[in-house]
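Visitor: With the hints as constraints, model all of the structure from the sequences given.
Going down the list, the sequences are from chains A and B. The first sequence finishes on residue 459 if you use numbering that gives the first Met the number 0, and the numbering steps up by one all the way, no holes. The second sequence finishes on residue 459 if you use numbering that gives the first Met the number 0, and the numbering steps up by one all the way, no holes.
What the hints contain is simulated information worked out from the structure, not anything from laboratory work. One thing to keep in mind: the hints can contain errors.
Identical copies go unnamed one by one, so any copy, or any two together, can satisfy a pair.
Subject to a maximum C-alpha distance of 16 Å in a straight line, what follows is the list of computed EDC-like cross-link-like pairs (lysine to aspartate or glutamate) [unchecked claim]:
id: 1; residue 1: Lys357; residue 2: Asp45
id: 2; residue 1: Lys353; residue 2: Asp45
id: 3; residue 1: Lys34; residue 2: Asp59
id: 4; residue 1: Lys34; residue 2: Asp324
id: 5; residue 1: Lys170; residue 2: Glu435
id: 6; residue 1: Lys170; residue 2: Asp313
id: 7; residue 1: Lys34; residue 2: Asp321
id: 8; residue 1: Lys395; residue 2: Asp324
id: 9; residue 1: Lys420; residue 2: Asp315
id: 10; residue 1: Lys395; residue 2: Asp422
id: 11; residue 1: Lys127; residue 2: Asp308
id: 12; residue 1: Lys240; residue 2: Glu208
id: 13; residue 1: Lys170; residue 2: Asp243
id: 14; residue 1: Lys170; residue 2: Asp315
Chain by chain, the residues run as shown.
There are 2 protein chains.
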Amino acid sequence: MSNINNDLALFNELVEVLITEEEKNPVAERIDSNKLYESVDLSLNDAAMIDDEFKNLLRDVIVSTPKTATNLFFNQLFGGRQSKAVLGDLLAVILNNSMYTYKVAGPQVGIEQEIIRQSCDLIGYGSKSNGTFPTGGSMSNYMALVMGRDTKDPSCRLNGMTKPMVIYTSKESHYSNSKNASFAGIGRNNIRYIEADSKGRLIPEKLEEQILEDLQNDKIPTYVNATAGTTVLGAFDPIDKIADITEKYKIWLHVDGAYCGSVIFSDNYNHLVKGVERSNSFSYNAHKMLGTPLTCSIILVNDKKYLHDSFSNDADYLYQTDGDDFNLGKTSFQCGRRNDALKFWTLWKSIGTKGLKKIVEQQFDLANVALDYIRSNPNYTLYSFDDSISICFNYKNIEPMALCTALYEHQITVVGFGSFKEDTFIRLVTINANNEKQDILNFFKVLEDFVDKTPSLKRI
Amino acid sequence: MSNINNDLALFNELVEVLITEEEKNPVAERIDSNKLYESVDLSLNDAAMIDDEFKNLLRDVIVSTPKTATNLFFNQLFGGRQSKAVLGDLLAVILNNSMYTYKVAGPQVGIEQEIIRQSCDLIGYGSKSNGTFPTGGSMSNYMALVMGRDTKDPSCRLNGMTKPMVIYTSKESHYSNSKNASFAGIGRNNIRYIEADSKGRLIPEKLEEQILEDLQNDKIPTYVNATAGTTVLGAFDPIDKIADITEKYKIWLHVDGAYCGSVIFSDNYNHLVKGVERSNSFSYNAHKMLGTPLTCSIILVNDKKYLHDSFSNDADYLYQTDGDDFNLGKTSFQCGRRNDALKFWTLWKSIGTKGLKKIVEQQFDLANVALDYIRSNPNYTLYSFDDSISICFNYKNIEPMALCTALYEHQITVVGFGSFKEDTFIRLVTINANNEKQDILNFFKVLEDFVDKTPSLKRI
Chain A
0 MSNINNDLAL FNELVEVLIT EEEKNPVAER IDSNKLYESV DLSLNDAAMI
50 DDEFKNLLRD VIVSTPKTAT NLFFNQLFGG RQSKAVLGDL LAVILNNSMY
100 TYKVAGPQVG IEQEIIRQSC DLIGYGSKSN GTFPTGGSMS NYMALVMGRD
150 TKDPSCRLNG MTKPMVIYTS KESHYSNSKN ASFAGIGRNN IRYIEADSKG
200 RLIPEKLEEQ ILEDLQNDKI PTYVNATAGT TVLGAFDPID KIADITEKYK
250 IWLHVDGAYC GSVIFSDNYN HLVKGVERSN SFSYNAHKML GTPLTCSIIL
300 VNDKKYLHDS FSNDADYLYQ TDGDDFNLGK TSFQCGRRND ALKFWTLWKS
350 IGTKGLKKIV EQQFDLANVA LDYIRSNPNY TLYSFDDSIS ICFNYKNIEP
400 MALCTALYEH QITVVGFGSF KEDTFIRLVT INANNEKQDI LNFFKVLEDF
450 VDKTPSLKRI
Chain B
0 MSNINNDLAL FNELVEVLIT EEEKNPVAER IDSNKLYESV DLSLNDAAMI
50 DDEFKNLLRD VIVSTPKTAT NLFFNQLFGG RQSKAVLGDL LAVILNNSMY
100 TYKVAGPQVG IEQEIIRQSC DLIGYGSKSN GTFPTGGSMS NYMALVMGRD
150 TKDPSCRLNG MTKPMVIYTS KESHYSNSKN ASFAGIGRNN IRYIEADSKG
200 RLIPEKLEEQ ILEDLQNDKI PTYVNATAGT TVLGAFDPID KIADITEKYK
250 IWLHVDGAYC GSVIFSDNYN HLVKGVERSN SFSYNAHKML GTPLTCSIIL
300 VNDKKYLHDS FSNDADYLYQ TDGDDFNLGK TSFQCGRRND ALKFWTLWKS
350 IGTKGLKKIV EQQFDLANVA LDYIRSNPNY TLYSFDDSIS ICFNYKNIEP
400 MALCTALYEH QITVVGFGSF KEDTFIRLVT INANNEKQDI LNFFKVLEDF
450 VDKTPSLKRI
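Guide: Dropping the structure here:
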């Protein structure tokens, strides 16, 4: 068993390799998936590997791993690297606390709770509110769904699903809604996908129509998922109007802000989630807009009773000291739980709420740079809208799937495509707040250069 | 936005603080939970914090955070620190890939798959087997339950729970079984808790009796959870005999090896999970016996079809290149997913399967040291059994809850208590493979010294 100091030294050496590599090759050289195992020795064997070989191998792995922190990575709803958050996550690895009890997590419990308390205050939840750190946005939505289900039929926890529940979400919402309905015993057929308007926002009138129809058919409307930042267009569902309906029919309202819920940190953009204080639960991912390492998801509930009712379990061998408010395992899906809070806390503490606001606003500023560029250039067709950090476009009618794949395979830039209604397009996500205006313009430049040099690209 | 190099330097400085502190104060000074917020400034504010203050604050937080890697931490089913695994997890933080697609994770996909393939081989699963990395042992059990449920009634995914399913687990199994039944729409009342024998192992005859009774009552036996390492006693359910039953009645058999499933790495101890190749799914936590940072959980299924059937979802905006075998999001609960595989791979690759075997066997060796000590010392009463790394005992009839709390509050050592049938006792977990014989003997010494100096301790 080797020494921690040696391995920390090796870590530092490898980070230097990575940072140099990120500058030299912002898009990592791609290994064809079919040739992966012959290209890098990933094999696990009976014998130990000698140190120098191991170091070289790690170097190879690092060099060929896709770079998500560079100024040419636009493929996902995360990107870049907030170094103060990296610091916190590195410390979490070394400290290695599990978040279920105060006895084992100590002040880390307070760190998690402070983030939750401040977040609840920001969105206007009252004194009964609380929350937890699920393992991602899908899990946040799942926990909300379970709470919605259990609130509508508390006997479900003991007796299982016995009632014809139906749930609602927009056609543009995240696919976890579909999976979650299956996991929770509700069933995918009992999701009502509500139509979105021309800008990708759930149409409240359609929601109410559907609820009325379901009530007439003796179904039980149980849960509505509204989205703050849809996956493709980055659209915001009209929470206030949806809340009018969920309050009227007594349905759990969850706001899935995994992608763009962090607008709560900016008083210039928090109008996009106006009405969120009327929801029952709200989730956001700090590993998306706020740039922490993966994963850092937060779910807030307007009354912590619901979190406790659905997720608590007594366990004498575990909860042995301190009260429920400090033994966070009573309100989490998991038992053992990684410390995902520290990275967000080191970021927030060091740059302040003001700093988080700047991070959020930078992304909209970059989006506006992209929008302006596209609008002023007739070779582009724009498919997205204002107040979104997803910039959707096509260039010279090049088939977007083919273009994205070619850009990736030729190490030009990493970007994905998406669809809305009849259209398919490239989706540029301006979520990396480390980027400057110049990086966005450079993205268009490398794309255009590549297209001009590649006449074989298919047109739509 | 500060510089990554500065923050890496700060990280290195703080790790030094931590390591020094671990030697000086292996048990961190405890802050009373009620005084936490006045003792450390955890508050998040609008303004940024100045760098020096921030550094000092982090130092305070680190010093007062419970130390889980020291030779006086025995409180949980994890402890210690395998430095090669720490290296991998630190790299995962910096690389920050999400594991859903090959496009974004590249060779990290192969790293995860290699661990899964080798693990499947070790337990004797066939060529159709596969697996994934859930976010913990509870989630592993949950994924298994969902697969068992969906296999018994495939229409459940679409229509929800419509059949009277019942599931089975021993009274000594992990509490996640109870929570999971609720989450999956089965309901806690539909769990049958099967009696354990005098050594804490599920009694197969009782299982079959219960199944027959349920069949007679038109219930549908759906899922059996067997445990490899029960939470309190560390007992191993008799998998072969249970598999005879689950095969006969066509019931999904899951083996929850969260705690001690890693015995598969030792040919001296893998007899404890004899028959595991007959299970439908098996899970183990490398962050427990193998000492990786939290969390590193693996679930294996004997046929990957089940994983795909219950957890896949198409998403055009996400799965854009490479095949399903490389786009791991098709078989995970989550969408975005942290890289929990790299830490295990760096450990395994560097020390070999042989090294993992040594880690596992060291824990049983330490357990034997503890057992010998207790058996040869009449002041102790022993409550646990051979072939377990949970050593359960009482000393001089001191009330174990009071003693554990006092040891913790006086910074002597961190250890917990547990119960089995009528008895309550201290549970010493010899899971930290960094420990030597001397560390175990020292544990008893500090405990005895403390008891001798503290006559006020309550007796049973």
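Visitor: Each of the hints needs a verdict: does it hold here or not?
Guide: Against the structure, the hints come out as follows:
{"no.": "1", "hint": "Lys357 with Asp45", "in the structure": "between (51 Å within a copy, 12 Å between copies)"}
{"no.": "2", "hint": "Lys353 with Asp45", "in the structure": "between (52 Å within a copy, 5 Å between copies)"}
{"no.": "3", "hint": "Lys34 with Asp59", "in the structure": "within (15 Å within a copy, 49 Å between copies)"}
{"no.": "4", "hint": "Lys34 with Asp324", "in the structure": "between (51 Å within a copy, 13 Å between copies)"}
{"no.": "5", "hint": "Lys170 with Glu435", "in the structure": "neither (33 Å within a copy, 58 Å between copies)"}
{"no.": "6", "hint": "Lys170 with Asp313", "in the structure": "between (39 Å within a copy, 14 Å between copies)"}
{"no.": "7", "hint": "Lys34 with Asp321", "in the structure": "between (54 Å within a copy, 12 Å between copies)"}
{"no.": "8", "hint": "Lys395 with Asp324", "in the structure": "neither (58 Å within a copy, 34 Å between copies)"}
{"no.": "9", "hint": "Lys420 with Asp315", "in the structure": "between (53 Å within a copy, 13 Å between copies)"}
{"no.": "10", "hint": "Lys395 with Asp422", "in the structure": "within (15 Å within a copy, 76 Å between copies)"}
{"no.": "11", "hint": "Lys127 with Asp308", "in the structure": "within (14 Å within a copy, 39 Å between copies)"}
{"no.": "12", "hint": "Lys240 with Glu208", "in the structure": "within (14 Å within a copy, 55 Å between copies)"}
{"no.": "13", "hint": "Lys170 with Asp243", "in the structure": "neither (20 Å within a copy, 46 Å between copies)"}
{"no.": "14", "hint": "Lys170 with Asp315", "in the structure": "between (44 Å within a copy, 14 Å between copies)"}
Checked against the numbered hints given earlier, the structure breaks hints 5, 8, 13 and satisfies all the rest.
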